[in-house]
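Asker: Residue numbers (the numbering used here), protein chains in the order written: chain A, 9 to 463; chain B, 9 to 463.
These aren't lab readings, by the way, just hints derived from the structure by calculation. This one's a predicted model, so the numbers in the text were calculated from it and none came from an experiment. Mixed in with the good hints there might be a few duds.
Since copy identity is lost for identical chains, a pair holds within one copy or between any two.
Stated by the list, open to error - List of simulated lysine-lysine pairs, DSS-like, C-alpha gap at most 30 Å: (1) Lys-159 <-> Lys-429; (2) Lys-41 <-> Lys-200; (3) Lys-159 <-> Lys-296; (4) Lys-159 <-> Lys-41; (5) Lys-41 <-> Lys-95; (6) Lys-159 <-> Lys-32; (7) Lys-250 <-> Lys-41.
Number of protein chains: 2
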Amino acid sequence: MSSKANYDLTETFEYLVELLDAEKFSEVDQFLKQEHPADIADLLEMLDDAHRLKVFESLHLNVAAEVLDEARTDTLQELVEALSDDKLADLLEVMPSDDAAEILSEIDEEQAEAIIALMTPAEAIEVEKLLAYEEDTAGRLMATNIVRLVKDWTIAQTLEYLRSIDLSVETLAYLYVVDTEGKLVGIIPIWKLLTAQPQEQLARIMQTSVITVTVDTDQEEVARVVSQYDFFAVPVVDTNGKLMGIVTHDDVIDVINDEFTEDAQRFGGSQPLEGSYFSTPVWTMVRKRVGWLLLLFLTAQFTTSIMGIFQSDLETVVALSFFVPLLIGTGGNAGSQMTATMIRAVAMNEVRFEDTWRVVGREFLTGAWLGLLMAVASFGLSAAWGNTPHLAVTLALALFVVVIWANLMGVMLPITAARVKIDPTVISGPVMSTLVDATGLLIYFMLARLILAEI
Amino acid sequence: MSSKANYDLTETFEYLVELLDAEKFSEVDQFLKQEHPADIADLLEMLDDAHRLKVFESLHLNVAAEVLDEARTDTLQELVEALSDDKLADLLEVMPSDDAAEILSEIDEEQAEAIIALMTPAEAIEVEKLLAYEEDTAGRLMATNIVRLVKDWTIAQTLEYLRSIDLSVETLAYLYVVDTEGKLVGIIPIWKLLTAQPQEQLARIMQTSVITVTVDTDQEEVARVVSQYDFFAVPVVDTNGKLMGIVTHDDVIDVINDEFTEDAQRFGGSQPLEGSYFSTPVWTMVRKRVGWLLLLFLTAQFTTSIMGIFQSDLETVVALSFFVPLLIGTGGNAGSQMTATMIRAVAMNEVRFEDTWRVVGREFLTGAWLGLLMAVASFGLSAAWGNTPHLAVTLALALFVVVIWANLMGVMLPITAARVKIDPTVISGPVMSTLVDATGLLIYFMLARLILAEI
Chain A
9 MSSKANYDLT
19 ETFEYLVELL
29 DAEKFSEVDQ
39 FLKQEHPADI
49 ADLLEMLDDA
59 HRLKVFESLH
69 LNVAAEVLDE
79 ARTDTLQELV
89 EALSDDKLAD
99 LLEVMPSDDA
109 AEILSEIDEE
119 QAEAIIALMT
129 PAEAIEVEKL
139 LAYEEDTAGR
149 LMATNIVRLV
159 KDWTIAQTLE
169 YLRSIDLSVE
179 TLAYLYVVDT
189 EGKLVGIIPI
199 WKLLTAQPQE
209 QLARIMQTSV
219 ITVTVDTDQE
229 EVARVVSQYD
239 FFAVPVVDTN
249 GKLMGIVTHD
259 DVIDVINDEF
269 TEDAQRFGGS
279 QPLEGSYFST
289 PVWTMVRKRV
299 GWLLLLFLTA
309 QFTTSIMGIF
319 QSDLETVVAL
329 SFFVPLLIGT
339 GGNAGSQMTA
349 TMIRAVAMNE
359 VRFEDTWRVV
369 GREFLTGAWL
379 GLLMAVASFG
389 LSAAWGNTPH
399 LAVTLALALF
409 VVVIWANLMG
419 VMLPITAARV
429 KIDPTVISGP
439 VMSTLVDATG
449 LLIYFMLARL
459 ILAEI
Chain B
9 MSSKANYDLT
19 ETFEYLVELL
29 DAEKFSEVDQ
39 FLKQEHPADI
49 ADLLEMLDDA
59 HRLKVFESLH
69 LNVAAEVLDE
79 ARTDTLQELV
89 EALSDDKLAD
99 LLEVMPSDDA
109 AEILSEIDEE
119 QAEAIIALMT
129 PAEAIEVEKL
139 LAYEEDTAGR
149 LMATNIVRLV
159 KDWTIAQTLE
169 YLRSIDLSVE
179 TLAYLYVVDT
189 EGKLVGIIPI
199 WKLLTAQPQE
209 QLARIMQTSV
219 ITVTVDTDQE
229 EVARVVSQYD
239 FFAVPVVDTN
249 GKLMGIVTHD
259 DVIDVINDEF
269 TEDAQRFGGS
279 QPLEGSYFST
289 PVWTMVRKRV
299 GWLLLLFLTA
309 QFTTSIMGIF
319 QSDLETVVAL
329 SFFVPLLIGT
339 GGNAGSQMTA
349 TMIRAVAMNE
359 VRFEDTWRVV
369 GREFLTGAWL
379 GLLMAVASFG
389 LSAAWGNTPH
399 LAVTLALALF
409 VVVIWANLMG
419 VMLPITAARV
429 KIDPTVISGP
439 VMSTLVDATG
449 LLIYFMLARL
459 ILAEI
């Protein structure tokens, strides 16, 4: 028994490096035998290139395969470059075919083909079939080595069959029943076999109402189905209903994590990266970011135009400009708070398009409260700065209006985006601030002209 | 078989409303029998109050319990208010005790106690035990109705035992072996029982190296363990190693989803909400947001101070102020892009503190490229605005420096936060923009003074 809660690899890593530096390789072997492959993968990432290869090559083939499967993209790529194609073919053959296909899709295409050519024909065909499905679909993600049972079999026949084959880990919780054409006709939780009578037919105990996805279902949709129905795994069928594989809960967790990373990057205002941080070259990072940066830069011209339009006011009351960053910053912050909350509420289906008016009502109120509090705070500030009463009123009123306005934009934009089937995360923090900057300035200067005209 | 990929509830909902409006209640019953409880929960959320209660009361007790478990907080609270305590006690009794405890923790405390008093003593004790654990720990999340086997048993004895009890869904994939004191000593994947010899002892086929968490492990750490090791479930033990329950993959997916919602809200610049959007009162929303908004508002005073310090420059060249929103906006955007990417890279363990210098090197380069591109774009802008060459150079140079600077802050702040064990998401988009606003202005005006002094 070992608790891995709050497990910090750093100590393990330091001990490993000590052993390696002292060239105590048999102790390294002993030591690694006690570690989980997922943790070995993390340790490899922390090691330098020479040590990494040495440790990896010392692993038993099955463990090495699991480690390779768990390694993050950049470590994987480095290992693949350093190993021979023969060794890689051996490693991929001991993996489930979906994991092998995933690794092959992450490395150089030419090398991938060379490796496939070295695999046994049966494995090679299996892997190529998976690679033929489009990226990010259920077909790419599914495990194909599942147990298929025939519905006319009795429990006794089924048990005999199960004893004759190599039961793999992916098949654990459910067994799948197919007809003569391979079409899925039912599923059986494996524990039912333990308690059923030997002469009973599968058709009598199987569950026939099964929720499935198809091979071309997008992986995020697969994740949604598995989360919605609390599935251990979801069966994947082709257009004819033929059972092709299953997508299991652990793949779904990976998809959800990747999806969050993409959402966060999009929300930060870049296009999502395809690989992990270090496996993405600098120039790709620049490409992923420059589009939005430039678009927002051009949109921000409106701020310059608006400042230009109100040049005379700025010349008369130069202090007016002092509060520009503060005002548009506060508006942007309020908008960013709202849009982040709304994007998640929409993603989790807590808020639907039908709820728009209810949300607008709530957020008008929230915005008004927040705006009021900021306005009150600004009077304290104005006193400290020795602003004229007119300027103090202008600033307070502008804050009040801009916070309400930013809050409502933060509601409407994500809901509208979702309605027209655009990912609401395009309404990123930067998009919000840029839009609030321009409109906020307009509100500020118009209020200023109204109020200061009375001087 | 039914594919639920891209399943849109709207049509189903409209059909249901049609049936309800026509008062065809037996057809409603028929119709709902074909729907999954998770989908029924979604449909209930979309219905108005009167219809919701009518539909819920028409459900079979077991289905109703599952629906209640799947309902989001605000719908749950409305149903709980409308139903009698007796009915609620009945519903909670047919649920697994962890689900019952979760629901009780989401409703009014007094009512929860009243309901517990109406439950059977055995169930009430079980639920109260779970509620005694702290919120957001493994103890709160775990299922307790698991199968415990004794290690001296043979397969035949085990099978006999399993046939004598009611096997529930939570126990599906693994069986847990304990010693006489209830300590976890091993686990057995259930399929092994199918293929093992009847006279074999459990002790011989069980896996004894088991990764566990303890009852007080934080739920996010539980989620990390389950994701890291691709577990179906993780056993939860007390400080003596006694097996208390298991946390399953579906609970982990819920934790990950909640966690991401919290991260998004924090990244947007608010404190995370405890409940769903609609179940959070307006005043709570205001409280969750006003803290950061006010803190950033006060921090933004520096921008006002800096503008004040350079008042004479602003009076000489009023056009200098026109570009303030554009410049600090672009810096804020670059910083927000970087910090979002970095927060996820740190969360997914792709970037560790040891990598700091490597990351800084990369991001200096990325920042320089992005800064250069923005600077070039700004010359086009300056031509369009008819800026003086001096002003054009000032603006371009300021953009170049500010983008690099913002990019580096976007790297350093999340890494440093993680290092000192602060959640890196506190470096939200709004925090980044506010910090970049102040420092960016300083860079801009100092460059302006240097360059424009030569006029």
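Asker: Does each hint hold? Answer for all of them.
Answerer: Taking the hints in turn, this is what the structure says about them:
1. Taking the closest pair of Cα atoms, Lys-159 and Lys-429 never come within 30 Å of each other, the shortest separation being 42 Å inside a single copy and 55 Å across copies.
2. Taking the shortest alpha-carbon separations for Lys-41 and Lys-200, only the inter-copy value of 23 Å comes in at or below 30 Å, while the best intra-copy value is 35 Å.
3. Taking the shortest alpha-carbon separations for Lys-159 and Lys-296, neither the intra-copy value of 51 Å nor the inter-copy value of 56 Å comes in at or below 30 Å.
4. Proximity of Lys-159 and Lys-41 under a CA criterion of 30 Å is satisfied inter-copy only: 25 Å between copies versus 42 Å inside one chain copy.
5. In this assembly of identical chains, Lys-41 and Lys-95 lie within 30 Å of each other by CA distance solely inside one copy; the values are 21 Å within and 54 Å between copies.
6. In this assembly of identical chains, the alpha carbons of Lys-159 and Lys-32 never lie at most 30 Å apart, being 56 Å within a copy and 38 Å across copies at closest.
7. For the identical chains of this complex, Lys-250 and Lys-41 are inter-copy neighbours only, at 26 Å across copies versus 41 Å inside a copy, given an alpha-carbon limit of 30 Å.
The structure is inconsistent with the numbered hints 1, 3 and 6, although it conforms to all the rest.
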